[in-house]
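K.L.:
Let chain Z serve as the given structure and place chain G on it in line with the hints.
Residue strings, one per chain:
Protein chains: 2
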Amino acid sequence: MDLYAERGFDQTTVADIAARAGLTERTFFRHFADKREVLFAGSAQLQELMVAAVRRAPPSTPAIEAVAAGVAAAATVLTDHQFSRQRQTLIESNPVLQERELIKMARLVAAFTSALRERDVAEPWASLTAEAGIAVFRVAFERWVKGAGDRTLAEMILEGFGVLRTIVADPTPRDRS
Amino acid sequence: MDLYAERGFDQTTVADIAARAGLTERTFFRHFADKREVLFAGSAQLQELMVAAVRRAPPSTPAIEAVAAGVAAAATVLTDHQFSRQRQTLIESNPVLQERELIKMARLVAAFTSALRERDVAEPWASLTAEAGIAVFRVAFERWVKGAGDRTLAEMILEGFGVLRTIVADPTPRDRS
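Residue numbers (my numbering), protein chains in the order written: chain Z, 29 to 205; chain G, 29 to 205.
If you're looking for bench data, these hints aren't it; they were derived computationally from the structure.
Take the hints with a grain of salt, since some may be wrong.
Any copy will do: because identical chains look the same in the list, a pair fits if it lies in one copy or spans two.
[What the hints assert, rightly or not] Straight-line C-alpha distance at most 20 Å; calculated SDA-like pairs for lysine to any residue:
{"id": "1", "residue 1": "LYS174", "residue 2": "GLU151"}
{"id": "2", "residue 1": "LYS132", "residue 2": "THR104"}
{"id": "3", "residue 1": "LYS174", "residue 2": "GLN75"}
{"id": "4", "residue 1": "LYS174", "residue 2": "VAL137"}
{"id": "5", "residue 1": "LYS132", "residue 2": "ASN122"}
{"id": "6", "residue 1": "LYS174", "residue 2": "SER121"}
{"id": "7", "residue 1": "LYS174", "residue 2": "SER112"}
Here chain Z stands alone, though its shape is the one from the complex (with noise of 0.2 Å):
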């Protein structure tokens, strides 16, 4: 991650990976499939932890609330503020990464629809309560890793679901007779 925010994305060779790592070429690559998978590689636990966290709601648990758990099980992991925001400033500067990072995303909403219609959630609401979820995380884990890092991911994520409600509260248009 270093020698990404050092040189640059492109610039960044495997050898030079390894040699930062102490690994030669042959065992990076026993670990990794290229060097993007370096940037991902807790992807796919990430979103475990989230999708279970999602099936762990009791039975009763209004749908929303269940995915709110899940989104929230992604701060307990996330809160190393300044790998994340160096991790960012580089996806950001990289149209190739930028698409699997919302590859990403969509398997997310996509992993926690499932979990929902296992819970016997009907469509369209399932559909809508991950996307809605997502956005949520996405908006939140925006705000944190761009912020000064004096607040953590999770009071970002409990902020966007409350703003979440407010926004659809009331969203009659206004009586301009």
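P.N.:
Chain G alone, transformed into the frame defined by chain Z:
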């Protein structure tokens, strides 16, 4: 589109498309950068149309209603169920096209967020309202193209905003004492 449906995207060449349309390859490339472009040719105009509708909403309109107007504008042009259905099948069969669709949606969110900021909507309200609106659009569109075509996209979108309201309306965990 017919050609893509018949042969699959990867098996269809620009020469095939040009021949079917009665064009030379040279004329084709004057209009489209590559064969992918044909599928996304209307995307920029669609985004413009949607963002213009957000901007046109009176200043007193709540942000979610302005976004709902923007999403509803899409339904005025997305009326050809069979075409949209074929296009969707094709996109789902090809990871590169899926990525492109994800990028298109991310751009829409960014454009809606900007339009809301111009209306003096603060963060994180602007981002979250834009995300929520595009979530409704995405889910409504998918249900529409996968459905029998007996309901319009406009109806699906209206239903989606209603569902979003019920999802977050009473998120208080029930008392289990």
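K.L.:
Since the copies are identical, ignore which copy is meant and state whether LYS132 and ASN122 lie within 20 Å (CA to CA) inside a copy, between copies, both or neither.
P.N.:
both (15 Å within a copy, 17 Å between copies)
K.L.:
When no copy is specified for LYS132 and THR104, does a C-alpha distance of 20 Å or less occur within a copy, between copies, both, or neither?
P.N.:
within (19 Å within a copy, 31 Å between copies)
K.L.:
From the Cα coordinates, with 20 Å as the cut-off, is the pair LYS174 and GLN75 best called within, between, both, or neither?
P.N.:
neither (22 Å within a copy, 27 Å between copies)
K.L.:
20 Å Cα cut-off: does LYS174 pair with SER121 within a copy, between copies, both or neither?
P.N.:
within (14 Å within a copy, 36 Å between copies)
K.L.:
For the identical chains here, do LYS174 and VAL137 meet the 20 Å Cα criterion within one copy, between copies, both, or neither?
P.N.:
between (23 Å within a copy, 18 Å between copies)
K.L.:
For LYS174 and SER112, with the copy left unspecified, which applies at a CA distance of at most 20 Å: within, between, both, or neither?
P.N.:
Classified as within: same-chain Cα gap 10 Å, cross-chain 38 Å, threshold 20 Å.
K.L.:
Check LYS174 against GLU151 for me: Cα-Cα at most 20 Å, and say if that holds within a copy, between copies, both or neither.
P.N.:
between (35 Å within a copy, 13 Å between copies)
Of the numbered hints given earlier, the model fails hint 3 alone.
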